[in-house]
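A.B. asks: Residue strings, one per chain:
Number of protein chains: 2
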Amino acid sequence: MNSLRALQKSAGYLHSQKNLFKLNNGAIISGLQNSTKILNNQRTMATTEEPKNDKQKEKSGNIGRDLLMVIAAGGAIGGVLFAYMENKQVQAQSTKDNNYEKYHKMVRKDLPTYKMADVNKHDTEKSIWVTFGVGVYDITPLVPIHPGSKNIMMGAGSSLEPFWEIYAQHKTQQIYEWLETYRIGNLDPKDTFVANNETSGPWANEPIRHAILKPASKQPFNGEPPAEILVEKFLTPQEIFYIRNHLPVPDLEENSHEVEILDENSKKTKTLTMADIKKMPKYTVTATIMCGGNRRSEMHDYKSVKGLYWGKAAVGNAKWSGVKLRDILLSMGVKSNEKQHVIFEGADLDPACNPYGGSIALSKAMDERGDVILAYEMNGQPLTRDHGYPLRVIVPGVVGARSVKWISRISVSDHESDSHWQQNDYKGFSPSTDWDTVDFSKSPAIQNMPVTSAICIPSPGESVKVSKGVIQIKGYAWSGGGNKVVRVDITADGGDNWIVADIIRQGEEQPGKHYGWVIWQAEIPVKKNQKEIEIWSKAVDSNYNVQPETFKNTWNLRGVLSHAYSRIKVKLQH
Amino acid sequence: MNSLRALQKSAGYLHSQKNLFKLNNGAIISGLQNSTKILNNQRTMATTEEPKNDKQKEKSGNIGRDLLMVIAAGGAIGGVLFAYMENKQVQAQSTKDNNYEKYHKMVRKDLPTYKMADVNKHDTEKSIWVTFGVGVYDITPLVPIHPGSKNIMMGAGSSLEPFWEIYAQHKTQQIYEWLETYRIGNLDPKDTFVANNETSGPWANEPIRHAILKPASKQPFNGEPPAEILVEKFLTPQEIFYIRNHLPVPDLEENSHEVEILDENSKKTKTLTMADIKKMPKYTVTATIMCGGNRRSEMHDYKSVKGLYWGKAAVGNAKWSGVKLRDILLSMGVKSNEKQHVIFEGADLDPACNPYGGSIALSKAMDERGDVILAYEMNGQPLTRDHGYPLRVIVPGVVGARSVKWISRISVSDHESDSHWQQNDYKGFSPSTDWDTVDFSKSPAIQNMPVTSAICIPSPGESVKVSKGVIQIKGYAWSGGGNKVVRVDITADGGDNWIVADIIRQGEEQPGKHYGWVIWQAEIPVKKNQKEIEIWSKAVDSNYNVQPETFKNTWNLRGVLSHAYSRIKVKLQH
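Residue numbers (the numbering used here), protein chains in the order written: chain Y, 1 to 574; chain C, 575 to 1148.
Just to be clear, a hint being listed does not mean it is correct.
Computed beta-carbon distance windows for the label pairs [to be verified]:
id : chain 1 : residue 1 : chain 2 : residue 2 : range
1  : C       : 905       : Y       : 339       : 38 to 46 Å
2  : Y       : 414       : C       : 754       : 56 to 64 Å
3  : Y       : 523       : C       : 842       : 27 to 35 Å
4  : Y       : 424       : C       : 1044      : 26 to 34 Å
5  : Y       : 525       : C       : 1145      : 40 to 48 Å
6  : Y       : 351       : C       : 1013      : 46 to 54 Å
7  : C       : 788       : Y       : 569       : 43 to 51 Å
8  : C       : 1146      : Y       : 350       : 52 to 60 Å
9  : Y       : 523       : C       : 1145      : 27 to 35 Å
10 : Y       : 414       : C       : 905       : 32 to 40 Å
11 : C       : 1044      : Y       : 270       : 54 to 62 Å
12 : Y       : 350       : C       : 998       : 51 to 59 Å
13 : C       : 1015      : Y       : 339       : 38 to 46 Å
Just so you know, these hints were derived from the structure itself, not from any lab. Cβ atoms here follow ideal geometry from the backbone N, Cα and C, with glycine treated the same way.
Throw the hints in and build the complete structure from the sequences for me.
C.D. replies: Take a look at the structure:
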């Protein structure tokens, strides 16, 4: 029942998408009726990767098996979804899309081999190359006749797969065949995904990631998807969800992974295997996880800060399933109080073998509405290694840094985590505090995040087509602490006039626990012959807090909490 | 024990005050050791008011008796407080200050009688008149030799009592005698307090109020104290606490007052007398109550809004005691949920006999940390009529409008209050929403308030003395929802440089329930020969939300949520 409800919601969302982008119902998307797959991208990964060592090979086999199950589920889901969308005029399809696999893996010996670097160069409207599986395609002639030309340009010079995860209506034999008519070569198998080239040392065993994730750093890997694609779905697919690693990714096995839990006062301990955890009541929460440094690049562009140069997509929204930390702590006799903390340690270790760690208030963990869980699923799929496989903490409403991945140890303590990331990182300061004067002990560790929004479509600097005197914009908004976004205001004239955006999807209506983001859209009127436009967005939450206007007055040396108005300038095509 | 702890804290606060204002220890404040009274202002009221009718006369008698008890308590408190401050070098004093009463009531038949309007005219340094009790004094020669000359000017042309509530060190025989040497006349008894001149109709039975409360409207009475005096105490004395009435003040008797409680679903009802309520466990919470329109004048000055022209003092912080609403609802079998509401109705009625009303989420009322109480005491005193005597709701962290006074009826309901004030008032809108386009059903009723701060000392336009190259500023900061104020930043150069203010007093450290405000102070360096300075303050709360910069971008037609940066311009005296 839960899945069905979720699907009905997704379907509603796609319907609204359809209206937004005014997709026509012609040949290109008629395949919608035949589409059955949503979640098969991982399969591609399993079939095309070349495991580097025996351990990984074994793992890859496991992933393959897990993914077959996911694909099966995905197929069924797809069937129900589209049946719903088409008023049940079509039947659910077979659970396996043999055509996708066939075309995805099809090497053409009559054609040359290209490196991804070659493909990357063809990223303008004059020459657009893309990859799909092992194929390289020159789709330059396609752009003028494709209804989503604007979106095609986002994939120019890179791989199509992440976009087809979002625009799943492309996954039909008709389109696979049609794409083949643009084939010009084969992709060097080593370049199919962003692989790590290390063969020894701490980074030798990193997972393979989607090419769509733009790295903010490679070791540790930190990457975000294009902002334009992020706001196409209320639930962010795991494949394009931003990755924020502080250390090398541990390689854990579900069968042997354990979590140790300690109440420092009573000295009670508990050790839970994954099997123990999966026997407990399963709880699902829709929550946005946002990096403390999301949108840092905008603050950095005002004045230099130290930290990863994140764009506005170091954030994602997912449905997380697992067990309530509250239930585990209650079973150990822990009682909520306002003084203690819960300390989390991951299995990711620094060179001195210290784990990544962070802590939250015990009262947050014990709050019935706090929804702090140990999650083993994301959007109904097992977690990937990059997202904390086999188990991670999810602390809804709180800075991502406390949602510790690869969770291995949990302690109830009288003090906060003494980790670097709790004590000397993720904290806010006055704009006049610099590296000579900063005293990290003087500021509280970031927990609940402030209200924010970002304009994701169009991109800054883009040339946007004006239709009927308006342009369409789209973005996300979110506030930490379970606070609901109640309004998103848009101005295109420096604040003289404001337009209230339409919030097209938000979380369940539960006062005090709006942990998911909202996607919003607005129509902005433009003047005849206007050549350029600057647009700002600001969100207001249920406490009527609002984003600050400028980075100047909220600047801080670490570039965290970068939540001033989102501002973009674009060119207008009449 | 609780009282003692509170006193120790108060003492600590006064110590810091002493440092801030660098009071010398000479003759004028040596009387500190002899001071014993904190809370005897009400007595003055009881002894000087002229009851207008029998009913009020009876009431006045009751107040007199109650106040004798308060005075007794106040005296004991004062003794402990100052003993603590002086390292127990002095003994606690007698509980009754006969000298205060004597001088306060002393009519001098050899001197003329003046109207308060006469006194009001003498409010500049050239000629300063003040009143104390029934006396009129010309203290012009005192200003150059008084250590708090700046503060004296706040009382120029009005009554001294409210200031002596704050600067209680004046309450010594020595100072009473000394003040008498400046005596020039007697105050017309009718003008001792701000009385209402109506003799019939709905406004005939309004309480008498302190002259210090500057009216934003007289019928209904709405008034606030000078902002400069507001930040002198962590707990705002009831006498100077802003009054926000929507309708005539009901005249209730504790002996006959009842509260009716209804659970609309179960149909269970309960009727509680004040005696029933006082038998229940007593719970005390320190909470700031702020009018939704606090600081409206600043927004109005940017662009006209509809509403009372409030300054920055439509806010106060007090210790409220009563019973937990949660306890009452639990006793009726009510369980918390996210869908229902608790509707409050006061005994104040409009001409159609509809009561003032408002509602909050049931989950707030049921939350153990929500601290929603039915209060019968404020700072240890019974409520005055203007503050809801004999019983009012206190909803900490939430807009003042929901803390319904004279509470008479409480319902647990599936819907919000349908009162005007819940549905068509206290709501926020986009700056481009005007009276032609507004749809009140589209915005949520204000509950938790956003983060705010205000510079209270100095006053805008004031001429401020520079000492050792700096000026001193002081203000308050608060955030709704139980969020703690973690930092207050000050700039005097348009945001190029920021100074972090010292937070000199804040509520108890309880994550998730910082319901009280903070008082902050800062030293602002000024340049040699600088003639004018513009200073801004902004507060940051524990969710790292921050005040917005301008009223332009947060303007709304009702002028609520007026929480942009506090900005003042002052002149500098070198």
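A.B. asks: Does each hint fit the structure? Answer for all of them.
C.D. replies: Results of checking the hints against the structure:
For residue 905 (chain C) and residue 339 (chain Y), the hinted distance range of 38 to 46 Å is not satisfied, since their beta carbons lie about 29 Å from each other. A C-beta distance of roughly 59 Å is found between residue 414 (chain Y) and residue 754 (chain C), which places it inside the suggested range of 56 to 64 Å. As the Cβ distance of residue 523 (chain Y) to residue 842 (chain C) is approximately 51 Å, the hint placing it in 27 to 35 Å is violated. The supplied range of 26 to 34 Å is met by residue 424 (chain Y) and residue 1044 (chain C), whose beta-carbon atoms lie about 32 Å from each other.
Taking the beta carbon of each, residue 525 (chain Y) and residue 1145 (chain C) are about 46 Å apart, inside 40 to 48 Å as hinted. One distance hint, 46 to 54 Å for the beta-carbon pair residue 351 (chain Y) and residue 1013 (chain C), is violated here, with the actual separation near 60 Å. For the pair residue 788 (chain C) and residue 569 (chain Y), the beta carbons lie near 47 Å from each other, so the given range of 43 to 51 Å is met. Distance hint check: the CB atoms of residue 1146 (chain C) and residue 350 (chain Y) are about 53 Å apart, consistent with the given range 52 to 60 Å.
A beta carbon spacing of about 49 Å between residue 523 (chain Y) and residue 1145 (chain C) contradicts the range 27 to 35 Å that was offered as a hint. Judged by the Cβ atoms, the range 32 to 40 Å given for residue 414 (chain Y) and residue 905 (chain C) holds: they are separated by roughly 35 Å. Between residue 1044 (chain C) and residue 270 (chain Y) the beta carbon distance is about 57 Å. The supplied range of 54 to 62 Å therefore holds. Distance hint check: the CB atoms of residue 350 (chain Y) and residue 998 (chain C) are about 58 Å apart, consistent with the given range 51 to 59 Å.
Restraint check, residue 1015 (chain C) to residue 339 (chain Y): a C-beta distance of roughly 43 Å satisfies the suggested window 38 to 46 Å.
In the structure shown, a violation is registered for the earlier hints numbered 1, 3, 6 and 9, in ascending order.
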